[in-house]
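*Asks:* Take a look at the letters that make up each chain.
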Amino acid sequence: MTKLRNNDGSPLHRAVPELAERVRRGAIDRRSFLRTVSLLGVSVASAKAFLAGTEGGLGFSPRSALAQEPKRGGTFRMAMQTQEITDPANYNWIEASDITRNIIEYLTLVDEQNVTHPYLAASWTPSDDLKVWSFKLQPNVKWSNGDDFTTEDVEYNFKRWLNPNSKSVNRTQFAGIEFEKTGPLDFKLHLPKPKLSTPEELYAYTCSIVHRGFDEQGANFQKNPIGTGPYSLAEFGIGKIAKVKRRDGYWGKAPYLDEIQFIDLGTDISAHLAALAAGQVDAVYRVTVNELDLAKRLPNVQLVSVPSAMTVCLRMQIDQKPFDDIRVRKAIVLAADNQKMLDLALRGQGLLGENFHVASIQPEYFPLPPVKRDVAQAKQLIQESGQAGKLNLEILVGNTQGRFEQDAAQVLAQNLAEVGINLKLNVLPPAQYWPIWDKVPFGVTFWAHRPLGVMTLDLAYRSGAVWNETHFNNKDFDAALDKAMGIVDPKERSKAMEPVEKILQDSAVMVQPFFVNKVTAVSNKVHGFKMHPAEYYNFFNVWMS
Amino acid sequence: MASYLVRKIGLLLLTMVVVSLVVFLALELNINDVAVHVLGPYSTADQRQSWLQEHGYFDPFILRYLRWLGAFFRGDWGYSTYYREDVNTLLPPFVANTAILTGVSLVVMIPVALALGVIAGMREGGIVDRLVSILAVLTTSVPQFASAVFLSAIFVFWLGLLPGASAMTEGFSWTELVMPVMVLCLAGVGYLARMTRASMVEVMAQPYIRTALMKGASTRRIVLKHALRNALIAPVTVIMLYIPWLLSNAIVVEVFFAYRGFGTLLYTASLNHDIYLIEACAMVSVIVVVCTQLLSDLAYGWLNPRISFSGATAAASA
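Residue numbers (the numbering used here), protein chains in the order written: chain A, 1 to 545; chain B, 1 to 318.
The shape of chain A in the complex, shown without the other chains (with noise of 0.2 Å):
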């Protein structure tokens, strides 16, 4: 049998040989393993091989063998709204960093089937207790102005983030960490509580690693791009266009494209599919629901589709009128239909939501007893509330993400009007949505696709944290989760997992209706794209023909 082996040859975690066993023996899936040992910093190659060599063989298709040999050269275009890239510790846009991930690296990368890959970080050992993490870095990467990548890059980074007046989300995201550098290739990150999501954390989107310099340099991206990474930026303007070329000297395997541009084309998705059709781009960023059909017919194009953990909350706060009696969320949930939304709003292309914010897909679900509508009771809960006949609320929606969140409130309206809520719905553009999303009583809100369900817990439900738009405030769900976080085999994990999903579903915070597939269309042209479920795409692989 094929041994496993860390990325940098250093000693297995304490875990990782009991997980290779229950893996053996049936008891965790062989997806959840891999994805496990590679944050455990398991190389990926050496952990398919040992899946490979077990009965059952690897369980999954690997990524399929290229029919073609792909093809050198050539430009890739697609439409998207390029977003300014003044600083990529502060990105509020995905389609920003997706722009600069050809030019900056990230330490580690995660791929579309969620598995963590070595990138900037060649390696990474986590201590037994999973709150000492010990990275290596890759030798010979140069920047592109010809400097040495170090760890002082990193740690300039860390400091970056970390400074009590960064803007960046990562201020909170790696809150209490400490940096240690350890050798001009090395260092430690020292964690205030075990984390076994770390290595993949380092991918999110405003975790891209810029130059030592970068504040020095004007601290502004667009003007100056430095980078590690096989692209340089040659063109640049918001709302217009984004140009990216291929430049020599890259310290990785060089990939195939020569140019990507992002061409923006406003916001109108049907205008993104009209230039597809007219050969105007080769790809287009995302296809909502509403668009699906036209999408499927166009000829010479290939829909990309893949399960993620995106999702839509209709969420209440818990400490705003009417929201703060239990009883009329509970009626609330109780009344929504949540297939019904994933039928109407979705038309069946997502997973079923719990109202507990973790997905069938992420590693540590556990299956509660499903769902189930009773509007009689939920009549009975407006009634024991006194609140019979007075609730008219209302919901703010802001499209973010398509039509869809309109129609699935739209549902939940149709659905509570049957118990006797009044619920309006006040729809703003996503642009002046975005400044009170956290503000309003009532709202529809978008989450993004996170690899684990404990890092969205952690960012939003969890007591005081940044994004808890809920406000919800519950000491039990803080220690579940932390028991949970701390736990390295995903079958533990995930019982660990029944306490937390249990507390937020009978919390009745939200209607949380459905998970997103997420889709996009690409010329026939266009060979080896692959679809994120966080929309962090990358295009090393990707060819024209």
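Only true hints are included.
Here's a subset of chain B near chain A, in silico, CB distances under 7 Å, partners left out:
no.	residue
1	D33
2	G40
3	Q47
4	Y83
5	R84
6	V156
7	A165
8	A167
9	V255
10	L271
Just so you know, these hints were derived from the structure itself, not from any lab.
None of these values were measured; they are calculated from a predicted model.
Virtual Cβ for every residue (Gly too), placed ideally from N, Cα, C.
With the hints as your guide, set chain B onto chain A.
*Replies:* Quick look at chain B alone, frame taken from chain A:
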């Protein structure tokens, strides 16, 4: 004439001041939004406050307005918070693109509409008149957002003849201009043709036309020599009103086809609470509206020398 021009320019300035004040007031309601758009939703309240402080957003309203007004008349139109560029350098290419779009639309639309209107109006109730009228009512009643979808379905998705987006990333392209021009013209031609027809019908019923007819003049001579000039007075006003109309309708068409014009710019600026850019766009609109009015008055005078530019008429036309 000179005093007329002075009055018009005075009116222009007054309108600009009033409009800019109204826009400034409207955007004033939520200045915190500006900071959120600039610094991002993850910035803290402190960071937003200090940014607003630094950029003078806490000064009294009238002070900030006067500061903006002064800078505006000196030629400094402020900084766009969304595009991160000076409005002065940002605006001209977008306005030029819309000038091209509306200019080409007018060049296509006017001859077609006038010809249709004149032909229809020559014989009221005839078959040509009926056909033109039906066509005109149909096209006028379809809004641009619908005709844009409809025409895209035919020419882009079905026939594959034309490009679906008009962003012109590779430089100016006539083929990319076809779809937006077609949509704008379709909506405009009908109304103008109807106006011309009505005017023509009225003129054709005048005693002097009857006299000409009885004197044995040919139809061609009657139409070209006697009817046309008088029948054109009303349509010319309509054409002048079309320019501001095109400017506002360009928003729908430009956004739909991702054409980088004034409409797209104003739309994006409004969505992103980009105060100085919105102000600049509003000012451009005012200038265009007042100038087209001026032109329309002048054209009126040329077509009908009886109209004088003395106070009463000018005031009425203003």
